[in-house]
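Undergrad: When the letters of the sequence shown are read in order and numbered with our numbering, they come out as residues 1 to 305.
No lab work stands behind these hints: they were computed from the structure.
Accuracy of the hints is not assured; some may be wrong.
Unchecked claim - Simulated pairs of lysine to any residue, SDA-like, Cα-Cα distance not exceeding 25 Å: (1) Lys72 - Ala21; (2) Lys239 - Ile6; (3) Lys2 - Phe113; (4) Lys230 - Asp81; (5) Lys266 - Phe281; (6) Lys2 - Met12.
Stated by the list, open to error - Derived CB-CB ranges, DEER-like: (7) Pro233 - Ala58: 20 to 28 Å; (8) Arg264 - Pro153: 39 to 47 Å; (9) Gly213 - Gln42: 34 to 42 Å; (10) Arg223 - Gly43: 33 to 41 Å; (11) Lys37 - Asp288: 21 to 29 Å; (12) Asn16 - Asp90: 39 to 47 Å; (13) Ile285 - Glu218: 33 to 41 Å; (14) Val162 - Thr3: 17 to 25 Å; (15) Ile6 - Met276: 47 to 55 Å; (16) Phe36 - Asp167: 27 to 35 Å.
In this text, a Cβ means the ideal position worked out from N, Cα and C, and glycines have one as well.
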Amino acid sequence: IKTHNIKIVSNMGAANPVAAARHVNRLAAELDLPPFKIAVLQGDDLSAYLDEQTILQAPTMEGNRLSGRELKAANVYLGGDAVAKALANDVDMVLVGRTTDSALVLGPLLHEFGWREDDWDRLAAGTICGHLLECGAQVTGAYFADPGFKDVPALADVGFPVAEISDSGTFVITKPNHTGGCVTTATVTEQLLYEMHDPSCYIVPDVCADVTGLHLTEESENRIRIEGIKGTPRPVELKATVCVDGGFMAETELSYAGLNSLERAKLAGDVVIERMKTSGFNGDIRRDIIGAYSVLDGGSDQFSA
Numbered sequence: 001i002k003t004h005n006i007k008i009v010s011n012m013g014a015a016n017p018v019a020a021a022r023h024v025n026r027l028a029a030e031l032d033l034p035p036f037k038i039a040v041l042q043g044d045d046l047s048a049y050l051d052e053q054t055i056l057q058a059p060t061m062e063g064n065r066l067s068g069r070e071l072k073a074a075n076v077y078l079g080g081d082a083v084a085k086a087l088a089n090d091v092d093m094v095l096v097g098r099t100t101d102s103a104l105v106l107g108p109l110l111h112e113f114g115w116r117e118d119d120w121d122r123l124a125a126g127t128i129c130g131h132l133l134e135c136g137a138q139v140t141g142a143y144f145a146d147p148g149f150k151d152v153p154a155l156a157d158v159g160f161p162v163a164e165i166s167d168s169g170t171f172v173i174t175k176p177n178h179t180g181g182c183v184t185t186a187t188v189t190e191q192l193l194y195e196m197h198d199p200s201c202y203i204v205p206d207v208c209a210d211v212t213g214l215h216l217t218e219e220s221e222n223r224i225r226i227e228g229i230k231g232t233p234r235p236v237e238l239k240a241t242v243c244v245d246g247g248f249m250a251e252t253e254l255s256y257a258g259l260n261s262l263e264r265a266k267l268a269g270d271v272v273i274e275r276m277k278t279s280g281f282n283g284d285i286r287r288d289i290i291g292a293y294s295v296l297d298g299g300s301d302q303f304s305a
C-alpha cells in the first residue's frame, strides 16, 4: 500500500468503523509496519439524531409496523460524496460503516476525476459501475454459471472483475488475463439487473440512475464496454436499515447411518420435539430429514453411474 500508493476504500467498519481503524493499525504494528493514515466515516447511526419512537414509527418498504418493538440499530446508507471528501485528505484508507456498495466505487471516481456533485450522468455511470463490481465474481461468471444452460470455463480459478473507467463515464468491465470465468453481455446483464427494482430509477444517495438506454458492446473476448447511462437528481429521502428484537432461531443436526437409519432419525426428531414442548417452548418447530447417503464415506458419488 505504502510502496505503490494504493488506496483502500472499504465498508468493513460495520457497526464500529473507529474500532476497525484501530484494529488495522494494531495489525500494522504487529507486522512492523508504520501506522496507516485512516479516514473513518460516521454519521450513519440514526439513533444519534432521532429518538427511538420516531424511528420505529417511520414507514417501512415492506409495510411492516415496528411500533412497540425494541430498537437495536438504525443506520442510513451513506453515499460516494463522503468517500470522496475523505480521500481528499491524502489518507491511505477510508473505512465506513453502512454505505451503498456502489459508493465504494463512485467515491474514488469523484475524487480522481473531480466530477461535480450535480453531474448526474457521470454520477449515474459511476454508480452503475460500482453496482456491477459489488458482487465480485458474479459479473465474471461465478454464480451466473448453470451447467448445460450457461456454461462458464475454469470456475475454480475464476477471476475477479476489473473496471477501466474514463472521465466521460463510459467504462469497460474485464478480468485479469489467465483467469477462469468469463465477461460477456449476459454476465453483465444478469448482475446489472440484480436488486434493481426500477431500471429507469435506480436510487442511491448520490443520484437516481436510468439504465433503460444503456448499451453493452463486446470489444473483444472478456471485455464489455458500458455506455448510455443517464442520471437524475439524488433522492430527497434515504433508505435506512432498522433492526429490532425479533426473537431468535436455533438449529441443530444429528446424523444417523446404517440399518434402519431413517426410522431412527424420525425417532430422534420425535424425542427432541417432545422435550421442547415439555420444557414450555411454544414457538414454531421444523424438522427436516436430509440425505440418505450424506454420512457415508464417499458420499452419494459412490452410487452414481
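Undergrad: Give a verdict on every hint.
TA: Hint by hint, here is what the structure shows:
1. This hinted pair checks out: Lys72 and Ala21 have alpha carbons roughly 23 Å apart, not beyond 25 Å.
2. For the hint pairing Lys239 with Ile6, the CA-to-CA distance comes to about 31 Å; that exceeds 25 Å, so the pair is violated.
3. A C-alpha spacing of about 22 Å is found between Lys2 and Phe113, which places the hinted pair at or below 25 Å, so the restraint holds.
4. Taking the CA atoms of Lys230 and Asp81, the gap is near 18 Å; set against the 25 Å cutoff, the hint holds.
5. As the CA atoms of Lys266 and Phe281 are separated by approximately 20 Å, the hinted pair is consistent with the 25 Å bound.
6. Straight-line distance between C-alpha atoms of Lys2 and Met12 comes to about 20 Å, which keeps the hinted pair within the 25 Å bound.
7. For Pro233 and Ala58, the Cβ-Cβ distance of about 23 Å falls inside the hinted range of 20 to 28 Å, so the restraint holds.
8. Evaluation of the 39 to 47 Å hint for Arg264 and Pro153 yields a pass: the beta carbon distance comes to about 44 Å.
9. With their beta carbons about 37 Å apart, Gly213 and Gln42 fall inside the hinted range of 34 to 42 Å.
10. Separation of Arg223 from Gly43 is about 38 Å and conforms to the stated range, judged on CB atoms against 33 to 41 Å.
11. Between Lys37 and Asp288 the beta carbon distance is about 51 Å. The supplied range of 21 to 29 Å is therefore violated.
12. Here the CB-CB span from Asn16 to Asp90 is close to 24 Å, at odds with the stated 39 to 47 Å.
13. A hinted range of 33 to 41 Å for the beta carbons of Ile285 and Glu218 is inconsistent with their spacing of about 52 Å.
14. Between Val162 and Thr3 the CB atoms are about 21 Å apart, so this pair conforms to the stated range of 17 to 25 Å.
15. The hint said 47 to 55 Å for the Cβ distance between Ile6 and Met276, and at roughly 53 Å that hint holds.
16. Remark: the range hint 27 to 35 Å for Phe36 to Asp167 is upheld by a beta-carbon distance near 29 Å.
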